[in-house]
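Those sequence lines, one after another, are chains A and B. Numbered according to full-length UniProt numbering, the first sequence terminates at residue 744, and the numbering increases by one at each position without gaps. Numbered according to full-length UniProt numbering, the second sequence terminates at residue 217, and the numbering increases by one at each position without gaps.
It is worth saying that the hints were derived from the structure and are not from the lab. Mixed in with the good hints, there may be bad ones.
Claimed, not checked - Partner residues are not named here, just some residues of chain A that face chain B (Cβ under 8 Å, in silico): (1) PRO28; (2) LEU29; (3) ALA35; (4) TYR37; (5) ASP111; (6) THR124; (7) PRO283; (8) ILE480; (9) LYS632.
Unchecked claim - Sample of chain B residues facing chain A (criterion: CB under 8 Å; computed from the structure): (10) THR59; (11) GLU72; (12) ALA90; (13) VAL135; (14) THR146; (15) ASP158; (16) ARG162.
Unchecked claim - FRET-style restraints, in silico, Cβ to Cβ: (17) B:PRO129 with A:GLU402: 53 to 59 Å; (18) B:GLY163 with A:GLY467: 54 to 60 Å; (19) A:ASP466 with B:ASP158: 43 to 49 Å.
Using N, Cα and C, we set each Cβ at its ideal position, and we do this for glycine too.
One letter stands for each residue in the lines below.
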Amino acid sequence: MKFDTPAGANPIDRMAVVGRAHDRIDGPLKTTGRAPYAYEHHREAPNAAYGQVVGAAVAKGMVRSMDLDAARAAPGVLAIVTAADLGKLGFGQFGKGKFNTVKLLGGPAVDHYHQALAIVVAETFEQARAAANLVRIDYTRSQGRFDLDEALKTAPLTGGSSDEGSAAPGMDRVGDFEAAFAAAPVTLDARYTTPDHSHAMMEPFASIASWTGDALTLWTSNQMIAWGHGDLAKTLGMPKDKISFQSAYVGGGFGGKLFLRTDAVMAALGAKAAGRPVKVALPRPLIANNTTHRPATRQRIRIGATKDGTITAIAHESGSGDQPNGSPETAVNQTKLLYAGANRLTAMRLAVLDLPEGNAMRAPGEAPGMMALEVAMDEMAEKLGMDPVAFRVKNDTQVDPEKPTRRFSQRQLVRCLTEGADRFGWTRRNPKPAAVRDGRWLVGMGVASAFRNHINMASGARVRLDGRGVVTVETDMTDIGTGSYTIIAQTAAEMMGVPVDAVVVRLGNSAYPVSAGSGGQFGAANATAGVYAACVKLRDQVAQRLGYNSADVAFAGGKVTSGNRSADLAQAAAAGELVAQDKIEFGDLEKQWQLSTFGAHFVEVGVDAYTGATRLRRMLAVCAAGRIINPKSARSQVIGAMTMGVGSALMEELAVDPRFGLFVNHDLATYEVPVHADIPHQDVVFLDEADDKANPMKAKGVGELGLCGVGAAVANAIYNATGVRIRDYPITLDKHLEKLPAVA
Amino acid sequence: MADRLDPTLSRRGVLTGGAATAVVAATPAAAAPLPPRPAKATPMMPVRFTVNGESRSLTLDPRTTLLDALREHLHLTGTKKGCDHGQCGACTVLVHGVRINSCLSLAVMHEGDAITTIEGLGTPDKLHPMQAAFVKHDGYQCGYCTPGQICSAVAVLDEIKRGVPSHVQADVAGRPQASNMEMRERMSGNICRCGAYSNIAEAMAEVAGGAAKEDRA
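If we strip away everything but chain A, and leave its shape as in the complex, we get (with noise of 0.2 Å):
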């Protein structure tokens, strides 16, 4: 089905089951522990050994020798494999993957810290831990960059996209924006800073090989089945059609398991030479090097105004760096778009650095550049005198500002900010900083927009009718803990006219049509959407079978009827099961106009005026991001997305070691994420929208817009509380103790 104008009425506009709050569907598998991800497959991989990754202990160099002898001898190894290896396994043709930027076994090369060097396979886990640590490996050290800041310096423009709906030129400009904002009466040029970020979810990178002659099993934890099908593929030399790439349940992704990791690939390596399957799972202290992250950044913001508070002038450049052919993180691409202003500049520099591999974690580009441009915002509402809501609301555009004839297909910004200012009881903000004391707590109140691009992507899916009336979706879809398989079933039922529970979803198998897969916001809306266009040809197979006119054919209530006529759908599949396939596609509607998601963040912090810790005491959101196909699980994106932005604000760092070229703090206990203690209750409204220009479901995505903004607002409430502007994320205690007031 190609989507090339307007979506008319549908049958999803019904909302019976669409828009309506379900239970997630996998609810009673995952509460029991009944769910398998992708190391618990003992029944379909059973005898399966153990591999332990060794990884690289220096962060660029080579290696100059590996004595394997003490690990070949240890009990219970089956085998070991480097890259020295590759050849005589059958793998002459080994590579690297179209979206890994690093090779996923190194040597003699060593690209970065933890880079898999070797795995090493045993009988048991505890066996190939033991002997993974009599791996001997001697290195020429060779001189690294990790120091961002010194590597910005020489850095050149670099243009980039995160693959997810974030993009920018190496430079943009629009009018004069110098001249314009030498001109402005009021202006602000501030920079900030935003550490290396880990997407720490809770399942290590895990996976399960198993080979039948020349044909490859993998189960795994992985959020885009096609990519990582076709780049195992690519990585092993070997034909797409030989590997069954599988990803039924996903213990979190948030951006890391976008791509192929290096567990599958040394699953598969590994038990191609011990000649059984293997199981696979990255241990926690190797994950943060080993694996991607999101880069560090450094930007700087100018913005002039007028006295009025109208920007005249708006500059957003920003610097990150990445291994050698990396990419930027696009951090300035939503200023682009969220606010009016005649004269733009947005630029992006890309360092090279010998750090571990940067790439996308949830919302790329908009999380980091949100947390500086809404605190820009915030300094230059104190600086004209004016309420930070108002200063947003004035400078608001309905139109693309780059292409002024380019319409936003919805924009509530507006309300957003407005309804959550009411909500929230904003009028109780005193503008004047650390004016409001609770005890011995400074207390403030933030706010910031939240903005991030719908993007369109192809998606497939499969569905079957059968004799009993039950509706099986098939999708390469992954459910990373967003709700797919629910949503999917809420769409389905619609759609066909049956209760959810007469859905069965079958998701994350490579066997099945590609879907859009789970990143950038993009899954829940288009993924959806090709589930929609798969039940519009089922719903003509069905009225075919039952004789009835389908221009005039009803799907309720597990009936099909026609004008007076009326039958079971299962009748329609009494003589045989039906089956459906198609998937969505998309014309240039995204061309013609901008297609955004909106919300605004409000947050109340206390600062404890003896220690300067910081404890959230309120957070609202507010979205406006088309249908919200089940307010329950949307809503849990939302509040997730919060407490993420929460932790950036924070605590979370990668603390680089300059000296040795890793992140020091690679592990669940020195990577610091909130905690349940952390987080209060938490608030979210969704406001009443339907995108007709996005896709048939008229829903966009919400998983990265609950992200972009909050740690912003969290720090527009610390400075309120506290009278001190930290642009040096994260917020840490030691940042601004020295500065807090007296205390009386």
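Take the given structure of chain A and dock chain B to it, following the hints.
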């Protein structure tokens, strides 16, 4: 002497610094490139305990954690391995009704113990009240930390009922209450990166028989 006081020198810097080439072990960094000792086969040890009311006898490598005994030997994979280092809580199980991180405990230490895992609390057709409350309040997303959260949540309410104190009580000598802050404090060893905390608090409050009362920071 001056060298020994040089604050810029670290142990690791001494080991690897100064030379153009350095010799370090793969994992972990070792003090010197000593030849590794040849490993000998580990003697196996028997252990017997009950899991979810069922008696289980295993003969295990004594290095096997309770977590891996459950997951890899008994195929009870509901108990999750998130970090294997006692940092995340995904592996929480109940031993004689008290929660522990099963990754920090060797299986052979549990001779005679009664262990309850997530599979023992309820089944998809017959959910434990805490499991049902997690479903109702959407107290999970990816589901990977969820079994640990639920085991912890069940144990936390029992701890509060038994009067086990925590540092967020106004009076540690008094009886703890199932307040929002009390539950959040006690649950803080169970990380949820999807960020379902607000919903988990509501699920627990429902089971505890109260509202998720807000206590201000």
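Evaluation of the provided hints:
1. Below 8 Å, beta-carbon pairs count as interface contacts, and PRO28 of chain A has one with chain B at about 4 Å; its hint therefore holds.
2. Taking 8 Å as the C-beta cut-off, the interface hint given for LEU29 of chain A holds, the closest approach to chain B being about 6 Å.
3. Of the supplied interface hints, the one on ALA35 of chain A holds, with its beta-carbon coming within about 6 Å of a beta-carbon of chain B, less than 8 Å.
4. With its C-beta approaching chain B no nearer than about 6 Å, TYR37 of chain A sits inside the 8 Å limit, and its interface hint holds.
5. Proximity of ASP111 of chain A to chain B is violated relative to the hint, the smallest CB-CB distance being about 16 Å (cut-off 8 Å).
6. Because the beta carbon of THR124 of chain A sits about 6 Å from the nearest beta carbon in chain B, less than 8 Å, this interface hint is met.
7. A least Cβ separation of about 7 Å between PRO283 of chain A and chain B falls short of the 8 Å threshold, and the interface hint therefore holds.
8. A least Cβ separation of about 6 Å between ILE480 of chain A and chain B falls short of the 8 Å threshold, and the interface hint therefore holds.
9. Given the 8 Å rule on beta carbons, the hint for LYS632 of chain A holds: about 5 Å separates it from the nearest Cβ of chain B.
10. This hint is violated: THR59 of chain B has a C-beta 12 Å from the nearest C-beta of chain A, more than the 8 Å allowed.
11. At about 6 Å, the closest approach between the beta carbon of GLU72 of chain B and any beta carbon in chain A falls short of 8 Å, and the interface hint on this residue holds.
12. Using the Cβ-Cβ criterion of 8 Å, the hint placing ALA90 of chain B at the interface with chain A is satisfied: the shortest such distance is roughly 6 Å.
13. Checking VAL135 of chain B against chain A by beta carbon gives a least distance of about 4 Å; that is within 8 Å, so the hint holds.
14. With a cut of 8 Å, the hint placing THR146 of chain B at the interface with chain A holds, because the nearest CB-to-CB distance is about 5 Å.
15. A cut of 8 Å between beta carbons decides the hint on ASP158 of chain B: the least distance to chain A is about 17 Å, and the hint is violated.
16. The interface hint given for ARG162 of chain B is violated, since its Cβ lies 20 Å from the closest Cβ of chain A, which is over the 8 Å cut-off.
17. Between PRO129 of chain B and GLU402 of chain A the beta carbon distance is about 55 Å. The supplied range of 53 to 59 Å therefore holds.
18. Separation of GLY163 of chain B from GLY467 of chain A is about 59 Å and conforms to the stated range, judged on CB atoms against 54 to 60 Å.
19. At roughly 46 Å, the beta-carbon separation of ASP466 of chain A and ASP158 of chain B lies within the given 43 to 49 Å, and the hint holds.
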